[in-house]
Amino acid sequence: MKLSLTRACCRSYTFPIFRKPSSVLPRAIFHQSLSSSSSSSLKPKTPLFLRPPKHSATFSDLKKWHDWANTLAYEVGSSFADSDNGPDSSILCRELKWLLEDSLEDNSLIPHLGIENNPNSVKLRIALDELYGLWKERIEKRKPFQYLVGCEHWRDLVLCVEEGVFIPRPETELIVDLVNEVVRDNEQLRNGIWVDLGTGSGAIAVGIGRILGSKGKVIAVDLNPLAATVAAFNAHRYGLQDVIEIQQGSWFETLKGFEGKLSGVLSNPPYIPSDDICGLQSEVGKHEPILALDGGLDGMDDLLHLCNGAASMLKPGGFFTFETNGEKQCKFLVDYLENDCSGSFCNVSIVSDFAGIQRFVTGFRRAL
Amino acid sequence: MSSFILKRSRNSSSFLFQNPSNKSATLNSSQPNNLIYSSQNHTVFHSGFSTFLLNNMKNPSSSYSTLSRRMHRNLKDMILASGFSVLSVRSPSGSNEVVVFPRGCGLFGTWAAVEPSTSDGLTVDGIVANNWAILDESESDWKSHAAAIAQSIQVIKRRLQWKKLKVRLNLLSAELNKPDLWDDPVHAGKISREHGSLMGKVKEVKAFEQELLEHIDMIKLAREENDTDLESESLQALLSMRRNSKERELEALLSGEQDPCSCYIEVQAGAGGTESMDWASMVMQMYKSWAQRRGYVVTLMDEMPGEIAGIKRATIKVDGEYAFGYAKAEVGAHRLVRISPFDSSKRRHTSFAAVAVIPMLGDGSTRVQINESDLRIERFRAGGAGGQHVNTTESAVRIVHIPTGVTATCQNERSQHQNKASAMAVLQSRLDQLEMARQAQMNAQHTQSLTEISWGNQIRTYVLHPYRMVKDLRTNYEVSDPDSVLEGDLDGFILSYLSASLDKDEDGQ
Ligand SMILES: C[S@@+](CC[C@H](N)C(=O)[O-])C[C@H]1O[C@@H](n2cnc3c(N)ncnc32)[C@H](O)[C@@H]1O
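Residue numbers (the numbering used here), protein chains in the order written: chain H, 1 to 368; chain L, 1001 to 1509.
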């Protein structure tokens, strides 16, 4: 299942997931529908906080590990931040606290860690030597914290993630708010069919699956089979297996037959320009799947493909939101949507994220 | 200070039993014709006639065995002699119940005009005025017990601001009796809640008072009739009242409307760089430990660390009953004197940290309505391109309420969405507090925000060098072991302040 690689990258990391397929090649040669409940050959890893507490350690051994881990975190200082905008000590210390929270069966014990020579032992969801290994990977290999614990807190959800699947970003949370605003007083859209293209861990799909009406449905698509499996797991965990259908395939390819029928098209597609990939923060560049990041020469390959698709797939009055790399892409897309899509869209606008960066382009399919 | 016992033990988990369980039936206008407010087990009159007496009348052989049948026989006469009326009514269950009510009382829960007294006219104030010697508890002297209890009752009344309470209660009753009250259900709900809660407090004190007087009557009666059993029973009852009264004095310290709320505690470092930032973090640690000892749940909401050590500012949430009631005593500037570990030439430094405390109002209270469009929400410490470029677990947001300029930040949650929700809760409380201050419904000194706390409003000094001492400048309460205080043993300071600030208010009586 290796896809050919056409864009060279300036560093020679071996990326955990396959490289970006060229946009001139047929986008996907396969697609299959994954029912969220059907077992697939890929099994998602159980995140730390859901594992049974079958390990134990004495207070003092755990404290020893914690002190060691803290020291490593402090030694980092601002060196990661200075080199590639990575985490500084204070962020790492907070992650350490969360790692402990996810590992311990009983969180109320955390304040007692400071007590010297406590002879009692505590129940853990992971063996102590594995904890040493995990934190080493965090500091030395810059492995993302979310891959250590196997989950990411996103909105009010706890989504499972694992290596090979993109970790949802805080910015993307806003897409759910944007959809909420639109469906709040639009019964038709609320009960229609929505698609989340490039669903990754299923973040957007699960987020909106919970705000749609009783007849509303979400089709969540990803080219990466592992992402599709993880998304199915997350949908199931939130009891949305009947609301969200997971499909493995490329963008609109599996959606034949839905032309002009979709109430909403949402996507956070890969949008980083290929040339920027090698300069990325280590947590991202060395560990997250490049298929999720690389948007082609100017980062717009997939976004433009999605705009064209939205024009034919959305029903009149249907809503779309795409996440972008920032102001430049937003402006380009607005211009493209208004001028090059033969009047298909209306109310096209740009929405900024909380950092004030123009992040999303939204709009509606014009009524015929 | 002598009026209560300060335990300075390490784990003084509870010296107050804060359970203002509503021992009385609630009054509300949906039952305006009820002359008698009764619940299954307690029947209490707004005159404050004691509960146990009535229970005993209904059920003479009940568990309250210290009262003899004899007493029951005599009760009716006594009651009649002391200005109450007795009626026999048929209860819903069909049995006959004796019901007592003060003569000439009004329809609604207003203040009863009758000053309760013993059959020979002795009142609580009268007992205090007699200046009977207060001997040790172990001395079986009824006058000493009575004098101690009467004194406690005066302290309790003062702490509850008895006179103001009376005025407020009459005002609320008048309001409640208005026929158009329920046209505005929100207002009506607020009024009747407040009335119910004040009435509950009044009734409790009055019942206690009445109980004292009855025991005195009982003792006199026992002596007349040479009934030594009855006399010793009554003496025993007085003793247990005396013990109980200390607890009630403490309870009365926390009778403010917001006292039962959870709260936020904020600490900000004063000028002076790293040394004062270190001090601010010590103060914050002191409150975290204090709150944990008290069994409160502590959550760090927001923290701005200093460059080298300590914090510039931090906010914690303290969840639990009466968190605000206690913590409000800590509002002001805290001063530290020590040899700074950050000073290579080992000089003595003085630094300050300011503390603000904000109540988290319950759902029943009026909250400020926040318009989404009045808010500006910012990513805190954002940098770079964001989005797919960055993987960070740092998702703090700051919310600015544009019309007032009030801001709130939260960075402790694991998602931006939750940080935003928590920051909104802080913002709501800040705006509520601002509004309360505006309405001046609250003791102004407890509503100051951090920015308003003048560094001159110094409340306490912590000296680590050249000698060791912590001293409260408001009460002169002092402790010679700063370590225990910094480890959260603050109860002595808090209680002495609370009692001093209420007890000095002499108009209470
Ligand atoms: C930036 S990630 C977004 C994931 C998720 N929606 C989120 O916001 O967390 C982009 C996703 O698009 C998927 N993707 C990339 N190319 C695709 C294609 N041709 N068809 C479908 N999905 C694709 C990637 O596997 C990845 O999961």
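Misleading hints may appear alongside valid ones.
[Said to hold, decoys possible] Straight-line Cα separation of at most 27 Å, DSSO-like style, residue types lysine-lysine; simulated pairs:
#: 1; chain 1: L; residue 1: LYS1164; chain 2: L; residue 2: LYS1288
#: 2; chain 1: H; residue 1: LYS97; chain 2: L; residue 2: LYS1178
#: 3; chain 1: H; residue 1: LYS217; chain 2: H; residue 2: LYS328
#: 4; chain 1: H; residue 1: LYS63; chain 2: L; residue 2: LYS1288
#: 5; chain 1: L; residue 1: LYS1288; chain 2: H; residue 2: LYS97
#: 6; chain 1: L; residue 1: LYS1471; chain 2: L; residue 2: LYS1288
#: 7; chain 1: H; residue 1: LYS97; chain 2: H; residue 2: LYS136
#: 8; chain 1: H; residue 1: LYS217; chain 2: H; residue 2: LYS136
#: 9; chain 1: H; residue 1: LYS64; chain 2: L; residue 2: LYS1201
#: 10; chain 1: H; residue 1: LYS136; chain 2: H; residue 2: LYS123
#: 11; chain 1: L; residue 1: LYS1178; chain 2: L; residue 2: LYS1143
#: 12; chain 1: H; residue 1: LYS97; chain 2: H; residue 2: LYS45
#: 13; chain 1: H; residue 1: LYS328; chain 2: H; residue 2: LYS261
#: 14; chain 1: H; residue 1: LYS123; chain 2: L; residue 2: LYS1288
#: 15; chain 1: H; residue 1: LYS123; chain 2: H; residue 2: LYS63
[To be verified] Pairwise CB distance ranges, derived in the manner of DEER restraints:
#: 16; chain 1: L; residue 1: PRO1403; chain 2: H; residue 2: LYS64; range: 36 to 42 Å
#: 17; chain 1: H; residue 1: GLU130; chain 2: L; residue 2: PRO1403; range: 49 to 55 Å
#: 18; chain 1: L; residue 1: ALA1425; chain 2: H; residue 2: ASN347; range: 31 to 37 Å
In short, the hints are calculated from the structure, not lab data. Note that beta-carbon positions come from the ideal geometry of N, C-alpha and C, so glycine has one too.
Structure-based check of each hint:
no.	hint	result
1	LYS1164(L) with LYS1288(L)	35 Å, violated
2	LYS97(H) with LYS1178(L)	57 Å, violated
3	LYS217(H) with LYS328(H)	33 Å, violated
4	LYS63(H) with LYS1288(L)	20 Å, holds
5	LYS1288(L) with LYS97(H)	17 Å, holds
6	LYS1471(L) with LYS1288(L)	20 Å, holds
7	LYS97(H) with LYS136(H)	15 Å, holds
8	LYS217(H) with LYS136(H)	42 Å, violated
9	LYS64(H) with LYS1201(L)	53 Å, violated
10	LYS136(H) with LYS123(H)	22 Å, holds
11	LYS1178(L) with LYS1143(L)	46 Å, violated
12	LYS97(H) with LYS45(H)	22 Å, holds
13	LYS328(H) with LYS261(H)	31 Å, violated
14	LYS123(H) with LYS1288(L)	25 Å, holds
15	LYS123(H) with LYS63(H)	13 Å, holds
16	PRO1403(L) with LYS64(H): 36 to 42 Å	52 Å, violated
17	GLU130(H) with PRO1403(L): 49 to 55 Å	52 Å, holds
18	ALA1425(L) with ASN347(H): 31 to 37 Å	33 Å, holds
Hint violations for this structure: numbers 1, 2, 3, 8, 9, 11, 13 and 16, all remaining hints satisfied.
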